[in-house]
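**Q** Can you make the complete structure from the sequences, with help from the hints?
Residues per chain are reported as follows:
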Amino acid sequence: MEIFQIDILPISSAVLLIATFGVIVRRGFMDWLSAYRYQAIALSGITAIIAFVTGAWELYIAAALTILIKAIIIPIVLLRVTGGLSFVSRYELNPYISVRLSTIISALLVALSYFLTQQIPFKSDQILRAYLPVSISLLLIGLFVMVNRRVALNQVVGLLILENGLFLFATTLTRGVSIIIEIGIFIDILVGVIISASLMSRISHTFDNLNVDNLEQLKDE
Amino acid sequence: MIASILAIILSISVISNGEPLRASLLGNIPTLFDLPIYVDGVSAFFIFILGLISFAVSLYSIGYSKHYAVKNGTSVLGFLFNFFILSILLVVTSNSVFSFLLFWETMALTSFLLVIYEHEHESNLKSGMTYIVMTHFGTAFILASFLILYIQTGSFSFDVFRQAASSTPMLIKDIVFILAFIGFGTKAGIVPFHIWLPQAHPSAPSNASALMSAVMIKTAIYGLVRFIFDYGGLGPSMDFAWWGLLLLSVGAVSSVVGVLYAVVEKDIKRALAFSSIENIGIILIGLGLSVIFAAFNLPSLSILALVASMYHTLNHAVFKSLLFMCAGSIDYTIHTKNMESMGGLIRKMPWTALLFLIGALSISGLPPLNGFISEWLTMQALLSTPYIMNTNLQILIAFTSLAFALTAGVGAATFVKIFGVSFLSKSRSELALNAVEVPRTMLAGKGVIAFTAVILGILPFIGINLITSAFNLKSFSPNNYFGYISLSNTSGGNFASLNPLIVLLLLVSVAACFYVFVRIVGKATSERAFTTWDCGFGGLNARMEYSATSLSQPLRKVFKFFYKPRNKITREVYAESNPYLRRKVKIDSTTRNLFEELLYEPVISACIFLFDKIRMIQTGKVNAYLLYIMITLVLLLIFVRLTP
Amino acid sequence: MSREMIEFFAASGFSILLTLLISTPIIALLLTTFSRQKKIMETVTIFSTLLIMIQGFVLVAEVISEKSISAFNNIFYVDAFSAVIIIPISIVGFVSALYSVNYIGRQYDNGFLDKRQLVRYYQEFNLFIFTMLLVPLSNNLGLMWIAIEATTLVSVLLIMLYVKESAIEAAWKYLIVATVGLSFAFFGTTFFYYAGLNVANSDASDGMNWTTMVSNASLFDPNIVKIAFIFILVGYGTKAGLAPMHTWLPDAHSEAPTPVSALLSGVLLNCAIYAIIRFHIVSSVSVGPLFSNQLLIILGVVSIGIAAISIYFQRDMKRMLAYSSVEHMGVIAFAVGTGSILGISGAVLHILNHAIVKPLMFFASGTVSQKYETKAMKQIKGVIKTMPVTGALFLMGGLAIIGMPPFNIFMSEFMIISSGFKSGQYLASSLVIFFLIVMFAGFMSHLVKMVFGNPRKEMKKGDLGRLAIVPMIILIILALILGFYIPEPLQILAKDVFNIINKGGLSS
Amino acid sequence: MNVDIITVILGFAQSLILIALSPLITGIMRKVKARTQKRIGASVFQPYYDIVKLMRKDDVVSDQASWLFRFAPWVNFAAIATSALLIPVFIIYSPFELVGDLLLIIGLFGLARFFTILGGLDTASAFGGLGSSREMMLSALIEPALFLTIFTLSLNFGATNITTLINSASNLHVLITPSVLFALISMFVIVIAEAGRLPFDNPATHLELTMVHEAMILEYSGKRLALIEWSQSIKNLILLTLMINIFAPWGIAKSVSIETVGIGFAVFLVKASVTAMLIAFIETRVAKWRLFRIPDLITIAIASSMIGIVFFYI
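Protein chains in written order, with our numbering: chain A, 1 to 221; chain B, 1 to 644; chain C, 1 to 508; chain D, 1 to 314.
Calculated directly from the structure, the hints in this document are not laboratory data.
Some hints could be false.
Derived pair list, reagent style DSSO-like, types lysine-lysine, alpha-carbon separation capped at 27 Å [said to hold, decoys possible]: (1) C/461 x B/126; (2) B/621 x C/164; (3) D/33 x D/53; (4) B/266 x B/564; (5) B/126 x C/457; (6) C/164 x C/375; (7) C/449 x A/219; (8) C/385 x B/126; (9) B/66 x C/375; (10) C/381 x B/126; (11) C/378 x A/219; (12) B/126 x C/38; (13) D/57 x B/523; (14) B/126 x C/378; (15) C/385 x C/503; (16) B/557 x D/33; (17) B/613 x C/375; (18) C/457 x C/375; (19) C/378 x C/449; (20) A/219 x C/375.
**A** Now the structure itself:
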């Protein structure tokens, strides 16, 4: 049991990270979507693991919800939106920072998150030690993706990564005590995605692509 | 207007029974800051000035506001005007930091609204902006100084400040004084914070500018007096000497700069505004001297200087309001403030001319009018420098007196010019030709003030005793109003003395005697009118006479280094072949305003440049926005991580 | 206040009040949804907001007497500080509902909006009110987070009301930036909760409750608390428009329909600040006030500075107002950071004052821009001539917002700056004064140019409808009164808030 | 000194004498000047004849002129005559010694000048304006100089009250301290300037290039012109008297008796005429300066009195 834990925790976190890097290195939207799916699945897996370790039954629900919402509903919604979109708006052609450099930067971010979490007393809590840095790095990487990408869709993807980090963090720390909150968060995310989806469709109707560069009219000139 | 009369009565009553009067404006309404009222002699003195001036000016406004009635109702003007008076009144009576600042800002606001009352002209808006921003800037300094006192004493009440004055450490006092000086100085229009004054005063309706120049900028003097004598806890100690020095030198600079700009000014109200700067300078000189004397423990001289300064405050209030009202009357009838298009008004509006003449005489400090008295007192104060046991100070004061003398001389020239150009000789424009005398109420308003000026001139002890009792100083003079002002020197001999009443009598009697004498010697002779001698060319016209610009041309040339005049000469010649045969030569001579060019413009442009760079963060790129968040977060996190 | 007391209150009928308060907007929402008639929707909305206002005041009265109320086993907890937020919500909600009738109605008549959008507007309006009400009421910080997130989503929908490029852009930026920020906020919240978990004596069930957190805060691990507070500050700071996270704010506030802008500026920002301060209390109980005070002061000064500087360059009326909101949020943060009684009561008053004056300004500018058919300040001249009443109100509001007496903000800013000096923050306070002057100059010059001067010839005189004027009149009267006189209850509130913030949270 | 009725009478009389004598001094100056220029020149009493003649003549007044034009000469004369009443001439006493001091005299001169300038401006003549503007400039500079001189004197003699001042001056044994010397220099310059003599102004010409004062009063005629001329020479004599009584107070009567007063009067006459001659000589030596070099001269006066002050303190 102990051994199992010791191995499974780092491995699962590694899987999660790999899935995340998948988003960074690839260019096409579909690839991200798949990467995001993997990430979601990994996430639910981790949730299940935590549930198993801590024996908190609510977390199984959380895991199920994760699968349901993140791996199924959200991708579908996004596909709906981007269905009628042109090639340009579905592929990130020229991000601000090149793929290689962005990979390095996200690696740095991971390192940073490990560095930052050093001062938190884990009280020899394996789960925390394994997942807290990962969740923070997910947070930072998600933000970085949003900063870096020019296409609205990809920013949403970044946002989703960020939310995943959030979710992982929450489950890791709170062990899913207040399930109401969890559900509320899920709903929030869902609504957020839906709204952003409708916004994106509106953007694409108005500007006939999803390029964020269109959205620079409002500024202090 | 009735309020103003009440104000006079109140102040007189307070002065007469030196007992300070206390009240709370909001009674027992629970506010975090109540608005206490505190009227002692000093406030009462300023209330008296306010009451006197506002009474006359309100009288004047009755007629004057018809000027605006045609455009839009006078109700707004009236409301602002009265609110303005009220706020000034409350400023000089309020007894806590909060209420003081509250009414101070209200005063600024109402005066600002008065300045931009004619908001059809862009220029007025601009000058209004300059004014309100400058005065706000000043208020910030005042606030700072108050707050330092507050930290020191832990209370907002002026009473506590008074009690704590002695215990406050000198360093704090110095800082507070500097801040307060800059703050109030901005309101008073000392150089180099004066630039709003010549813009704001001309823009306002004349009754308002009369009040602003006569009373509002005096509230700054009030504040200074309070700070120096009450909260500064001025005492016989060398530490205070440099306060006086500062006041003195700034006063000297202000007076010279003000008068030098005044003398070359073409716009009558601008000229008056500049001369306000000059007079504030003179007041500050007196104040500074009084502080210095006090610091060197020479109470009687200190009293002399203080009296001189306060007397000049009173006088300036009187004649400056008079002059502004006259300028307003001119504007009222011929709708211009430019002296180049006036002239010959003395025939069209004799009474206004007479009143303006009185004002001009007294502001030029000529006997036997009130201006002379206060300048005489100030000069005497300057002449008493040998008592100060510090050579450097003595020499510096000597230089100050040079500045003062220069001011007096050029000041007289200024008003000779203003009166001469605007009232005398031929009318320079159609407007001036069909000028008419202004309605009675306006004349009445001016008349009251002019009368006061004469009275204060020939019976100086009315004023002096008012001041001495208001500031409860021990009077250095007999109490009968016809006595001599006399100062004795070290050897007990008579240092100097003056009795303006007798001077007046002498003048009149001498004139009378010699009139008789002349009539006896040269029999009765007739008088016939003929055209002015025109060197036989025939037909002198208005374009041949001296204009405002040409009158001041020699002075402009003498003080070239200061004015940096630019003469733009445009010639039209009949034939290119002969450039000396000209159809028309046009000379446009403009003087530069050094302060705006060398001080303000660079600073402002630098600030704007900097700000322009800073605001560029609003790029409009959502990515950039996210980046800011990321950077902030990471930096803060690292900060926390590194500081356990 | 002990747990038994809280139980007692929960058991007795006070929670009914809360239930009513919360359910009112929901009912209104349903009514609007079913009756799609313009008139009915308007009346319903006005009525509901009026009801909310009354209930809000009753609740505040309760709070003043009872110090704190909690209900639904501590998911809801109302104390003086919540009351401070509830008052603006109820007032601004009511007046903007009033104003909507004229403004939105006019848009509808002019065909800028169609029927569907009109219905949507009123639905979302009520929903928005509901979500905002939830924030100060909820004791459970997770719930509070959800409420704030919900406000974001609803307000995004409201901004999307117009199908304009600019509106879409603003909505997008708002959505993205605010969501990111809020996820950080959630991070922080969870972190705090975790800190609570580490404390032995607390059972996990109500660990999310603010009351529990504060009572245990002294035992928290300082490192965790610090990191957590950073996240909170950045997160909710984004929502509160503290620089440099304020960048979305000018766009969103300027593109929203005017009544909504009023709500966003007047109330929503306060809600976010409220959240920050709640956590500020916890962290100052745990690691001492110095840490969070410093951060608040720094962010506050930066916000004031950037806002003041940007105001000078603005061309769009509503953007300028938005920046001034940023500036005022900065002032509030600064005030809380100074932490003395003067500062806190100043902050309380400032929250209230800003919530009174800013909507006034938005309404006025909305009316003006409807009259002149532009928001560009260059083309607006001589408002005082074309619309005497609105012009006068506009001028007064402007003077109030830049802190001129005899209006209310002057008083609160005076208190705040003096407390800044009092608490020894000389540099920061001097900077604040300086930036306030800059802001004054910029704002004033714009205001004067708009209000005075000569309007274009073809402009015809006349204000726009009584319903456009009435709300402004109400507000300006409030502003004037509060400029001189602070009613007894308010002073009590201020004192209580001070106790809450300084004396270890729970007022008692 | 003990004040009795005779003293008062004398004190009053000396002022009248001063007023009466002033044209004579002007005449002396002219005579000396003529002589030095190898001319016979008019008699020393010519100024009296002129004044009387002018008084008998009709006035021609410009149709532009207002009441101020008619009023100005009287104010001018009254002011100057009044200031004549204030100064001790040959006995150290003036009945009005407490009425005013040197500063008052400056003030009265200012008053006189004020009205003269206005009178010059009133008639809309180009000459008047020219004269007035130049006079404005000069007066604006001369007044500070005069004030500073008085400053120096009051430092040295501890008063601005003339009687006290002269008294203490006459009591001093060694009079020429550096400070006083500098005061003297500036005083002398001022006297010349105020008298409107060369190099400042040339009272003899009527060319717009050279004249200042004469241009201003160009429009006056008859009685008023007489008054102006007279007041001008009174003013000169006043300044002369001040100068000699302060800087060379030898022989001035300190007590009232026939011989002292006689001596005093005689000495006064001698000193006055000598100084007048001196000025006249100087005038023949120099040419009229360009208008804008004159400020330099006045600046010299100011500077020297400043130096005087500094010397006093050091």
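**Q** For a quick check of understanding: which of the numbered hints are violated here, in increasing order?
**A** The structure conflicts with hints 9, 12, 15, 16, although it agrees with all the remaining ones.
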